[in-house]
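Asks: Just need the whole structure built from these sequences, with the hints factored in.
This note's numbering applies: residue 125 is where the sequence shown begins, and numbers increase by one.
To be clear, the hints were calculated from the coordinates, so they are not data collected in a lab. The hints are all genuine.
Simulated restraints on C-beta separations: (1) A262 - A163: 23 to 29 Å; (2) D242 - G195: 18 to 24 Å; (3) V273 - P139: 34 to 40 Å; (4) G244 - R127: 37 to 43 Å.
By construction, the Cβ of each residue, glycine as well, lies at the ideal position given by its N, Cα and C atoms.
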Amino acid sequence: MRRHRRLIALRGDGPTTAAQAARVVAKLPPEAVLWVGDAQRAPAGVTTTTHVGARRLLGGAWDAVVLDLHGGPRPDALGACHGFVWGGGALILRLPPVDDGGAAGQERLAVLPYGPADVGRRYRDRFERALARAALTAPSPLEPAPHAVAGSPDQ
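Replies: In structure tokens, the structure reads:
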């Protein structure tokens, strides 16, 4: 049995992508979903946290992790959230439209002595290229991921 993690990218404004993400996770038990950012739009009962708060959950695992990136790039949260997904589960990215200008959140990418104006669009452009290359999963309702852990005959 293969248990590949899936990537679902939802584009649009915040309320639209939140509603789409809620439909994608609707068949999952609430405890199987982690919603990062924009907690007021999360379905009832799911685990919610802020982007910064995701660090405190390291070591946890969920069938679906919904990450809101409407406020701009969050590389640390993206890395943590990717690691939270059970095999067979999905990372769901809530993204603004591609042509949104890309200025939001640039200050988080600047490292002294540089400022947000020095960052440019390199990170965002690279992120968009990576998404374009990725094998994205269509946004349809997810089923619970299998959690059986077993070794192979070779182990």
